[in-house]
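Visitor: Here is what each chain is made of, one letter per residue.
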Amino acid sequence: MNRELLLAAVAGMLFGAGLLVSGMADPARVLGFLTLGPGWDPSLAFVMAGALAITVPGFALAQRRGQPLFAKTFPAAPSSGIDRRLLIGAAIFGIGWGLQGYCPGPAVVAAGLGQWPALLFLPAMLLGAWLADSV
Amino acid sequence: MNLGDFAAPLAGGALIGLASLLLYAALGRIAGVSGIAFGVLPSHGGERHWRLLFLGGLVAGGWLATLAFGPLPPAAQFTGGAAALALGAGVLVGFGTRMGNGCTSGHGVCGLGRRSPRSLASVIVFMALGMATATLLRPLLT
Chain A
13 MNRELLLAAV AGMLFGAGLL VSGMADPARV LGFLTLGPGW DPSLAFVMAG ALAITVPGFA
73 LAQRRGQPLF AKTFPAAPSS GIDRRLLIGA AIFGIGWGLQ GYCPGPAVVA AGLGQWPALL
133 FLPAMLLGAW LADSV
Chain B
119 MNLGDFAAPL AGGALIGLAS LLLYAALGRI AGVSGIAFGV LPSHGGERHW RLLFLGGLVA
179 GGWLATLAFG PLPPAAQFTG GAAALALGAG VLVGFGTRMG NGCTSGHGVC GLGRRSPRSL
239 ASVIVFMALG MATATLLRPL LT
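In order, the protein sequences belong to chains A and B. Heads up, the first sequence is in my numbering, so the first residue is 13 and it goes up one at a time. Heads up, the second sequence is in my numbering, so the first residue is 119 and it goes up one at a time.
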């Protein structure tokens, strides 16, 4: 197996373990975070905090090197700015997330672990992406 | 809320950040799960192998974590209404993340990580709509 594929698999495993450990793979926890009011569970805010504590300084350090360790360039930032597609897409995603408590990563993990809602959600998600390409 | 309530989210988040940094610093790739998942669809072609391995790794890593820390809580009981909700939510998440070019990982963990204004706008909008939907709309449907 080449280096790129091995690293992708290792990154996926760390990411999947992180989703499970953090509580993000349990949609009831996620809905407890997204549902405001008495009994609001703010703990999942710490997932993003923990991740950004690594990526904000880490990405800056990596960029200072000029190029990735095993690739030619870093991906360019999209040139499109904050446009309607970005905002409407984010809004539609937010509605779907708030209905079920799955965003894409946790849906993949939960489907792999055999949770029935994720096994329905994941193919529906691919269908939704295909629809977005068709409009 | 006591210490244990946020220690696991913080540690899990750090693992997610580490995985994203590995993909970015080593391969120059953005660990955006929606983009990676859609990238394996037949219509996209090319560079499918690393994406499939990343997705396989997600499942394997999640499964290994259940061996160490215990299984996921059982899913809600199967009902027609719950199934329709899962399907509808899936279509919306796929449509929205495709149109808006990213999700919690791509715009959240990675995009905020490289201080992208586009990603910040995306995160604010999907967090606001996620909270509004879970708080106001979901109770009417379940």
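Warning: the hint list may mix true and false statements.
Just so you have them, the derived chain B footprint on chain A, three or more residues with Cβ under 8 angstroms [as the list claims (entries may be wrong)]:
hint, stretch
1, 23-35
2, 61-68
3, 81-91
4, 104-114
5, 128-140
Calculated directly from the structure, the hints in this document are not laboratory data. For each residue, glycine too, the CB sits at the ideal point set by N, CA and C.
Visitor: Does each hint hold? Answer for all of them.
Guide: Each hint tested on the structure:
no.	hint	in the structure
1	23-35	holds (count 13)
2	61-68	holds (count 8)
3	81-91	holds (count 9)
4	104-114	holds (count 11)
5	128-140	holds (count 12)
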